[in-house]
Amino acid sequence: MLRFKQNKWNNVTVAIVTVMALFFTPFESISAEEYPQTHVIAIEDLKFMPQEINVKPGDIVQWVNFDFIPHTATANDHVWNSDMIGAQASWEMTVDRDTFEGYFCVYHPGMQGKIKIITESLAKAQQLQ
Amino acid sequence: MNYHLTLIAILAATLTVGCATAATKTPAELNDLEIAHVAYIANNIDVRYAHLALAISDNPKIHEFANAMIRDHKAVNVQALALLEKLNATPQDNFLSKQLTGQSNELVNEMRQLSGAAFDARYADNELGYHKAVNDIVENSFIPNIENSEVKALFKKALAIYKAHEQHAEKMVASLK
Ligand SMILES: [Cu+2]
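Order-wise, the sequence lines are chains A and B.
Note that this note's numbering has the first sequence beginning at 1, numbered continuously upward.
Note that this note's numbering has the second sequence beginning at 1, numbered continuously upward.
Hints are not guaranteed to be accurate.
[Unchecked claim] Simulated pairs of lysine-lysine, DSS-like, Cα-Cα distance not exceeding 25 Å: (1) B/K98 <-> B/K163; (2) B/K132 <-> B/K86; (3) B/K171 <-> B/K157; (4) A/K114 <-> B/K86; (5) B/K132 <-> B/K171; (6) A/K114 <-> B/K61; (7) A/K124 <-> A/K114; (8) B/K98 <-> B/K156; (9) A/K47 <-> B/K61; (10) B/K152 <-> A/K47; (11) B/K132 <-> B/K25; (12) B/K152 <-> B/K61; (13) B/K74 <-> B/K171; (14) B/K74 <-> B/K177; (15) B/K177 <-> B/K86; (16) B/K163 <-> B/K152; (17) B/K171 <-> A/K47; (18) B/K86 <-> B/K156; (19) A/K47 <-> B/K163; (20) B/K25 <-> B/K152; (21) A/K47 <-> B/K25; (22) A/K47 <-> B/K98; (23) B/K177 <-> B/K156; (24) B/K132 <-> A/K114; (25) B/K132 <-> B/K163; (26) B/K132 <-> B/K156; (27) B/K25 <-> B/K98; (28) B/K132 <-> B/K98; (29) B/K156 <-> A/K47; (30) B/K98 <-> B/K74; (31) B/K74 <-> A/K47; (32) B/K171 <-> B/K25; (33) B/K86 <-> B/K74.
[Claimed, not checked] Examples of chain B residues lying across from chain A (beta carbon under 7 Å, computed): (34) N105; (35) A160; (36) H168.
Since the hints were derived computationally from the structure, they do not count as laboratory data.
Quantities reported herein were computed from a predicted structural model and do not represent experimental measurements.
Yeah, the Cβ is synthetic: ideal placement off N, Cα and C, and Gly gets one too.
Given the sequences, and given the hints that come with them, work out the whole structure.
Structure, rendered in structure tokens:
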């Protein structure tokens with residue numbers, strides 16, 4: 001759904017991506033047409049947006065930093081770590097079943113986010129609701 | 001001596017009295033170019049404290065915080081200088097810039113004589129107080145009074161960064177206790 005090839009976007013695009021992500025997050029992860037999906041998390045004004053996303057094992061999560069200061073995306077237990085994501089730069093990783101879900105920015109520990117891993121059985125259960 | 005309390009006192013005077021004489025200016029009366037000067041000085045002061053911390057402290061938490069201060073406050077100043085150049089404007093020195101510089105010189109002289117846990121506690125405590133005081137002035141005296149919309153927008157971005165620093169400093173202070 002949210003697929004992009006370029007590495008740098010203007011702020012208008014981020015706003016659109018952010019708004020789309022806010023609207024579609026609950027549905028995108030459990031609609032199984034595309035696999036794997038790329039999920040974009042915008043970093044802007046010291047916030048991860050969306051702050052929480054649903055992903056499936058095999059999906060790609062990409063963080064794009066639109067601030068003029070660097071940030072990191074780092075698992076709360078440090079098992080995965082972007083290291084420095086500079087201004088206007090991005091970083092991505094592929095998630096699996098065991099990927100640690102909670103993460104933060106090492107430079108600004110108040111910045112926190114979550115990647116919820118939705119497995120097939122969990123997705124089905126949610127669809128039935 | 002508590003320098004940030006002095007700053008808060010200046011701010012309180014500005015907000016509550018609000019009718020300063022022509023001779024004594026308050027932060028709320030500074031023009032955009034003076035405000036830009038204060039911000040530039042205030043950023044450099046925190047970078048200076050951070051370099052002192054990297055030189056004196058052995059605490060990894062202090063180093064992490066100090067490195068973040070250097071990265072972020074320098075980045076704000078790079079943005080500020082680029083904007084001033086674009087606007088073809090030169091920042092103006094003023095009473096508050098002079099006061100901040102004087103206070104920071106005294107504080108650096110005090111802190112450089114400390115070491116170990118005493119230094120860490122003093123540095124952390126000052127970072128919390130300094131960000132609190134500066135954030136109060138930026139939020140309540142500067143942003144409402146800045147006339148240029150691009151300068152105002154940059155100050156709003158910077159305030160979001162400084163507020164994160166204040167929150168980070170709170171954690172650092174708590175972790176040292
Ligand atoms: Cu950050």
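field: Restraint check for B/K25 with B/K98, where alpha carbons must lie at most 25 Å apart
entry: Holds - the C-alpha atoms of B/K98 and B/K25 are around 13 Å apart, at most 25 Å.
Satisfaction of hint between B/K25 and B/K132, Cα-Cα up to 25 Å: Between B/K132 and B/K25 the Cα gap is close to 21 Å, so the pair holds against 25 Å.
message: What's the verdict on A/K114 and B/K86, does the C-alpha distance respect the 25 Å limit or exceed it?
response: violated (39 Å)
query: Given the hint that B/K98 pairs with B/K156, does the C-alpha gap stay at or below 25 Å?
result: Distance ~24 Å between B/K98 and B/K156 Cα, so the pair holds.
- prompt: Is B/K86 close enough to B/K74, meaning Cα to Cα at most 25 Å?
  reply: holds (18 Å)
message: Against the 25 Å threshold, does the CA-CA distance of B/K74 and B/K171 hold or violate the hint?
response: holds (22 Å)
- request: For the pair we were handed, A/K47 and B/K163, check the Cα-Cα distance against 25 Å.
  value: Given that 25 Å is the threshold and the Cα spacing comes to 12 Å, the pair holds.
query: Taking only the CA atoms, is the gap from B/K98 to B/K163 under or equal to 25 Å?
result: holds (24 Å)
field: Agreement of B/K156 and A/K47 with the hint, judged by alpha carbon distance not exceeding 25 Å
entry: Distance of about 14 Å is within 25 Å: holds.
message: So if I understand the rule, the pair passes when the alpha-carbon distance is 25 Å or less; does B/K25 with B/K152 pass?
response: Holds: B/K25 and B/K152 sit about 21 Å apart, inside 25 Å.
Given hint B/K25 paired with B/K171 - CA-CA distance at most 25 Å: Roughly 35 Å between the alpha carbons, so the hint for B/K171 and B/K25 is violated.
Status of the hint placing B/N105 at chain A (closest C-beta pair under 7 Å): Cβ of B/N105 sits 27 Å from chain A, so the hint is violated.
In the structure shown, a violation is registered for the earlier hints numbered 2, 4, 12, 14, 15, 21, 22, 23, 24, 32 and 34, in ascending order.
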